[in-house]
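Protein chains in written order, with the numbering used here: chain Z, 3 to 355; chain A, 3 to 355; chain P, 3 to 355.
No lab work stands behind these hints: they were computed from the structure.
Be aware that a few hints might be false.
Because identical chains cannot be distinguished in the list, a pair is counted as satisfied if it fits within a single copy or across any two copies.
[What the hints assert, rightly or not] Result set (DSBU-like, lysine-lysine): computed pairs, CA atoms no more than 35 Å apart in a straight line:
1) Lys204 - Lys6
2) Lys341 - Lys279
3) Lys302 - Lys6
4) Lys107 - Lys315
5) Lys310 - Lys77
6) Lys185 - Lys40
7) Lys64 - Lys338
8) Lys338 - Lys204
9) Lys204 - Lys64
10) Lys181 - Lys192
11) Lys302 - Lys83
12) Lys291 - Lys83
13) Lys338 - Lys185
All values reported here derive from a predicted model rather than from experimental measurement.
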Amino acid sequence: MFIKNAWYCAGWDYQVSQGKTALIARKIAGERVVLYRKLNGDVVAMEDRCPHRQAALSMGSKEGDELRCMYHGLKFGSDGKCTEIPGQSNIPERACVRVFPVVEKDNWIWVWMGDPLKADPSLITDAVGPSHPDYNTRPCYIQIDADYRLENANLADLSHSSFTHDATIAMGWAQALAKPQHKVLPRGVKTDYWVRNVPVPKFVEHMFPPGFMCDAHFDITQTVPCNWILHFRVFMAGTATEGESDGMLVLDSWSCQAITPRDERSVDYYYSWGVSKATDRPGLSDLLKEGLDEAFREDKAMLEGQQKRMEEKPNFKTFDIAADAGPGKMLWVLDKLIKEEASQSESLIASMA
Amino acid sequence: MFIKNAWYCAGWDYQVSQGKTALIARKIAGERVVLYRKLNGDVVAMEDRCPHRQAALSMGSKEGDELRCMYHGLKFGSDGKCTEIPGQSNIPERACVRVFPVVEKDNWIWVWMGDPLKADPSLITDAVGPSHPDYNTRPCYIQIDADYRLENANLADLSHSSFTHDATIAMGWAQALAKPQHKVLPRGVKTDYWVRNVPVPKFVEHMFPPGFMCDAHFDITQTVPCNWILHFRVFMAGTATEGESDGMLVLDSWSCQAITPRDERSVDYYYSWGVSKATDRPGLSDLLKEGLDEAFREDKAMLEGQQKRMEEKPNFKTFDIAADAGPGKMLWVLDKLIKEEASQSESLIASMA
Amino acid sequence: MFIKNAWYCAGWDYQVSQGKTALIARKIAGERVVLYRKLNGDVVAMEDRCPHRQAALSMGSKEGDELRCMYHGLKFGSDGKCTEIPGQSNIPERACVRVFPVVEKDNWIWVWMGDPLKADPSLITDAVGPSHPDYNTRPCYIQIDADYRLENANLADLSHSSFTHDATIAMGWAQALAKPQHKVLPRGVKTDYWVRNVPVPKFVEHMFPPGFMCDAHFDITQTVPCNWILHFRVFMAGTATEGESDGMLVLDSWSCQAITPRDERSVDYYYSWGVSKATDRPGLSDLLKEGLDEAFREDKAMLEGQQKRMEEKPNFKTFDIAADAGPGKMLWVLDKLIKEEASQSESLIASMA
Ligand code: FES
Ligand code: FES
Ligand code: FES
Numbered sequence: 003m004f005i006k007n008a009w010y011c012a013g014w015d016y017q018v019s020q021g022k023t024a025l026i027a028r029k030i031a032g033e034r035v036v037l038y039r040k041l042n043g044d045v046v047a048m049e050d051r052c053p054h055r056q057a058a059l060s061m062g063s064k065e066g067d068e069l070r071c072m073y074h075g076l077k078f079g080s081d082g083k084c085t086e087i088p089g090q091s092n093i094p095e096r097a098c099v100r101v102f103p104v105v106e107k108d109n110w111i112w113v114w115m116g117d118p119l120k121a122d123p124s125l126i127t128d129a130v131g132p133s134h135p136d137y138n139t140r141p142c143y144i145q146i147d148a149d150y151r152l153e154n155a156n157l158a159d160l161s162h163s164s165f166t167h168d169a170t171i172a173m174g175w176a177q178a179l180a181k182p183q184h185k186v187l188p189r190g191v192k193t194d195y196w197v198r199n200v201p202v203p204k205f206v207e208h209m210f211p212p213g214f215m216c217d218a219h220f221d222i223t224q225t226v227p228c229n230w231i232l233h234f235r236v237f238m239a240g241t242a243t244e245g246e247s248d249g250m251l252v253l254d255s256w257s258c259q260a261i262t263p264r265d266e267r268s269v270d271y272y273y274s275w276g277v278s279k280a281t282d283r284p285g286l287s288d289l290l291k292e293g294l295d296e297a298f299r300e301d302k303a304m305l306e307g308q309q310k311r312m313e314e315k316p317n318f319k320t321f322d323i324a325a326d327a328g329p330g331k332m333l334w335v336l337d338k339l340i341k342e343e344a345s346q347s348e349s350l351i352a353s354m355a
Numbered sequence: 003m004f005i006k007n008a009w010y011c012a013g014w015d016y017q018v019s020q021g022k023t024a025l026i027a028r029k030i031a032g033e034r035v036v037l038y039r040k041l042n043g044d045v046v047a048m049e050d051r052c053p054h055r056q057a058a059l060s061m062g063s064k065e066g067d068e069l070r071c072m073y074h075g076l077k078f079g080s081d082g083k084c085t086e087i088p089g090q091s092n093i094p095e096r097a098c099v100r101v102f103p104v105v106e107k108d109n110w111i112w113v114w115m116g117d118p119l120k121a122d123p124s125l126i127t128d129a130v131g132p133s134h135p136d137y138n139t140r141p142c143y144i145q146i147d148a149d150y151r152l153e154n155a156n157l158a159d160l161s162h163s164s165f166t167h168d169a170t171i172a173m174g175w176a177q178a179l180a181k182p183q184h185k186v187l188p189r190g191v192k193t194d195y196w197v198r199n200v201p202v203p204k205f206v207e208h209m210f211p212p213g214f215m216c217d218a219h220f221d222i223t224q225t226v227p228c229n230w231i232l233h234f235r236v237f238m239a240g241t242a243t244e245g246e247s248d249g250m251l252v253l254d255s256w257s258c259q260a261i262t263p264r265d266e267r268s269v270d271y272y273y274s275w276g277v278s279k280a281t282d283r284p285g286l287s288d289l290l291k292e293g294l295d296e297a298f299r300e301d302k303a304m305l306e307g308q309q310k311r312m313e314e315k316p317n318f319k320t321f322d323i324a325a326d327a328g329p330g331k332m333l334w335v336l337d338k339l340i341k342e343e344a345s346q347s348e349s350l351i352a353s354m355a
Numbered sequence: 003m004f005i006k007n008a009w010y011c012a013g014w015d016y017q018v019s020q021g022k023t024a025l026i027a028r029k030i031a032g033e034r035v036v037l038y039r040k041l042n043g044d045v046v047a048m049e050d051r052c053p054h055r056q057a058a059l060s061m062g063s064k065e066g067d068e069l070r071c072m073y074h075g076l077k078f079g080s081d082g083k084c085t086e087i088p089g090q091s092n093i094p095e096r097a098c099v100r101v102f103p104v105v106e107k108d109n110w111i112w113v114w115m116g117d118p119l120k121a122d123p124s125l126i127t128d129a130v131g132p133s134h135p136d137y138n139t140r141p142c143y144i145q146i147d148a149d150y151r152l153e154n155a156n157l158a159d160l161s162h163s164s165f166t167h168d169a170t171i172a173m174g175w176a177q178a179l180a181k182p183q184h185k186v187l188p189r190g191v192k193t194d195y196w197v198r199n200v201p202v203p204k205f206v207e208h209m210f211p212p213g214f215m216c217d218a219h220f221d222i223t224q225t226v227p228c229n230w231i232l233h234f235r236v237f238m239a240g241t242a243t244e245g246e247s248d249g250m251l252v253l254d255s256w257s258c259q260a261i262t263p264r265d266e267r268s269v270d271y272y273y274s275w276g277v278s279k280a281t282d283r284p285g286l287s288d289l290l291k292e293g294l295d296e297a298f299r300e301d302k303a304m305l306e307g308q309q310k311r312m313e314e315k316p317n318f319k320t321f322d323i324a325a326d327a328g329p330g331k332m333l334w335v336l337d338k339l340i341k342e343e344a345s346q347s348e349s350l351i352a353s354m355a
């Protein structure tokens, strides 16, 4: 089940270019979408399905701001309306492709999959993208063959980092033992916590003095469908006040992650980890990127194994632990919004009856 | 849904040879078929399924004119009857494989998938095969993972050539703007039209004088299940009379295409494009073959994309354009014959009750 | 359908080692199983499914004799009980993994998939494993994508050897013409027969004098789910008494084969063919191994073709031949035991109602 009235990330802005062949095919929440740029640079998102005979519009041809289906040549404007049927003057009303609202923000392209009248850009999560002047950030990508609900649960509880990412980005057992505060938002969950007096993750250890201990602050905003924005700061241990940022800062970074369900069992995962120019040092950004890449391969293996097992035993009885508080809240919000949408369309149908 | 009482192409004649291992496995209209040649050269087609335990007879061994299942050694005559059970003298009545009528014609092997009593060789489409003395023709093949109905629609409307085959075999927009006449036949559709005063397709342009313009005549017979025979002639522009062949002929060619559904969503596609020896020139046959190969890869991509989308949204509402007249007629004939078969077997059942 | 109260082979003993990463994942009769060795060498078999969120325990980490799930860090003892939830002192009762009884015997690891109280080690088939001092034996493996019932039928009737293994391990038509005696056992079938005055299999022919003829004795015990133990002895023709072993022995060998269904349509096949040191000769063991490897690739092709055809036409009517006596008996025993299990659990449910 997907929430329809939500912004879904369709990728990094650089992926949709002006070239003739730049028709990008995506699957978002079960729908096929084709993306392209108009001459003025605006991105258009349409259903990737010709209304004539269901050919792939992403196999079509961009002509100026319009898109021609290269099966039988119907041409569509960026508003989805058919503008030409070769050899025929009459154009039927229904020769029309569904068009989705699009916004570019922080180097991500966002597509609204629900009622266009409700497409409020202020609902798009704030992020720090690759073109932010103060951070060194590179865009990354991975595909994971698992339900985006499993991703939501994964991201809403960083305790797994101590185990799944033991050899990569974990800070020992610090995250497993932390007691994060989760605050429910209208469309997500806000999570905030410190880990104190811990070593830096193994893979960056050699960049710090031997025995260096730190305090780290996690400030996370997670929103539907599955976006996850982390402001991650590291201070010399003992120098930072709770709730404030007045310590000796050794790393100021943002990790911005947008996970888009392709269908019920696979996701497109767009992520980055950017270090502030003020706290970056030679090789650090590269190292963080590699560490995160490797960590996401660890997640991929874990989640795909979990997905297979859940499909095999859908009624298997599980139990909760303390660390499930965050995932529980995030999935509760998601389910609540999905249910509200369902009841709204039911009452709409009832009012029309 | 398949028509059973029809001849299906099982491949090129050279593919079934006399060698010991020459047992060719095919899937035709959902049925597994094994083909081999008898000592006198006749081709035998049997269900590729041993009646004993359903092993593949195509993994068997040819012994003279007979076929031995190499699981437990049962041997079957070319009439399908079991002739030997090793170590056992009694042979049960039902030890019998279904045999299909076979005809070789124009270098294609044709198999009748329905009631053998109705297998009328005069229903086989006429074609110009590789061994025709007047044409230089080579046999080609592609597999396409799409419903043969989509292939029928594709071939019954060449307007798609102007778009899908834009970079290969198209003659500009000429085919999209042509107004073909479609005549319904008892088992297919006959299509006839001219395109006038157009450039030759890009990929053969360099073989003609700069700016060379031509008139081209398409004479097409399409028959069930999905056979398509085109007599394609090109004249110097302005020299040919409508309906006649009296102009300055620069290309006389046949493209013969037999598409056999393997199952509901994949086809075996046997095709050729042969140029008359009188109008061939060095390299032209090769070029046409390569052009057609490339065009069929274009079709393959388009149709497989369409197939996926139709499976995802089987109830998606489409609309028709003028170019759909040919496909509409062809699919109407096909559906009519399928329905007639169904009602005949129903009335047969009723008469026996 | 599987019999649950049975020992299933989970592989060769050397496959489960002491290393940190030595968590072996298997699928046995539809259940996911993870195997590891304790410090004392005992093998533990657990369901490969964390009770917390269904992550793969085989992606976990061995800590002493315990297994930690590396998703959220729950640790389980070798009895399946959770011993630690990081950051939480309370451990719920249901934090428990299913554990399966394990026995190592003759270099195979055996897992009991049913009621642990019924796990009687005396039900494990006797075999001659690679570490048997009197035989030169190497462990082999193949995966076959077919129902284990088809494997049972294949092994219960060696007549197929004369055809399927014509070019490899067959002794001409001798096995097809033999009249094996099949005796039904409580959990399998015992089969015993001689073939007399036949050439040795083609692939070992060059190891014997030209024209060498032999008598061969097959002594087979086949048990549920699908284990097959053959004592295979070859004598100089005419020197051995029926039922006795008093002839001129030229080959004394055991082929031990344990076939474990992964699910309803694939099996893990662990097999060996070992020659007594007394009758081995340079190169013979290697040759037999290669011959058997090749024969099992022949079986794989045949059974997978059969499997596909049975899925396509599940209601296809087949018929029996004399050679089906063995397979018929073996499948009858298997079905009987499966049915008995089903009725026992039904009466258990009834008695509790
Ligand atoms: S399917 Fe797009 S124009 Fe026909
Ligand atoms: S399956 Fe063909 S002989 Fe048994
Ligand atoms: S799934 Fe194993 S600890 Fe959570």
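Quiz item: How do Lys338 and Lys185 come out at 35 Å by Cα distance, when the copy is not named: within, between, both, or neither?
Solution: For Lys338 and Lys185, the Cα distance is within 35 Å only inside one copy (16 Å; across copies 59 Å).
Self-check item: Intra/inter-copy verdict for Lys107 and Lys315 if alpha-carbon distance must be at most 35 Å
Solution: The answer is between: 32 Å across copies meets 35 Å, while 40 Å in one copy does not.
Practice problem: Indicate which option fits the pair Lys291, Lys83 if close means a Cα-Cα distance not exceeding 35 Å: within, between, both or neither. | Solution: neither (43 Å within a copy, 38 Å between copies)
Quiz item: Is it within, between, both or neither when you check Lys185 against Lys40 at 35 Å Cα-Cα?
Solution: Answer is neither; intra-copy 40 Å and inter-copy 44 Å both fail.
Quiz prompt | Intra/inter-copy verdict for Lys204 and Lys64 if alpha-carbon distance must be at most 35 Å | solution = between (49 Å within a copy, 21 Å between copies)
Practice problem: First find the shortest C-alpha distance between Lys310 and Lys77 inside one copy, then the shortest across copies, and answer within, between, both or neither for a cut-off of 35 Å. | Solution: Between copies only: 22 Å across, 42 Å inside.
Quiz item: What label fits Lys64 with Lys338 when the C-alpha limit is 35 Å: within, between, both, or neither?
Solution: neither (40 Å within a copy, 40 Å between copies)
Quiz item: Between copies, within a copy, both or neither: which fits Lys338 and Lys204 at Cα up to 35 Å?
Solution: neither (40 Å within a copy, 58 Å between copies)
Practice problem: Indicate which option fits the pair Lys302, Lys83 if close means a Cα-Cα distance not exceeding 35 Å: within, between, both or neither. | Solution: Between copies only: 27 Å across chains, 40 Å inside a chain, cut-off 35 Å.
Quiz item: Are the CA atoms of Lys302 and Lys6 at most 35 Å apart within a copy, between copies, both, or neither?
Solution: The answer is both: 25 Å in one copy and 33 Å across copies each meet 35 Å.
Quiz prompt | Homomeric proximity label, Lys341 with Lys279: Cα distance no greater than 35 Å | solution = Neither, since 43 Å and 71 Å both go past 35 Å.
Self-check item: 35 Å Cα threshold - placement of Lys192 relative to Lys181
Solution: For Lys181 and Lys192, the Cα distance is within 35 Å only inside one copy (14 Å; across copies 64 Å).
Hint violations for this structure: numbers 1, 2, 6, 7, 8 and 12, all remaining hints satisfied.
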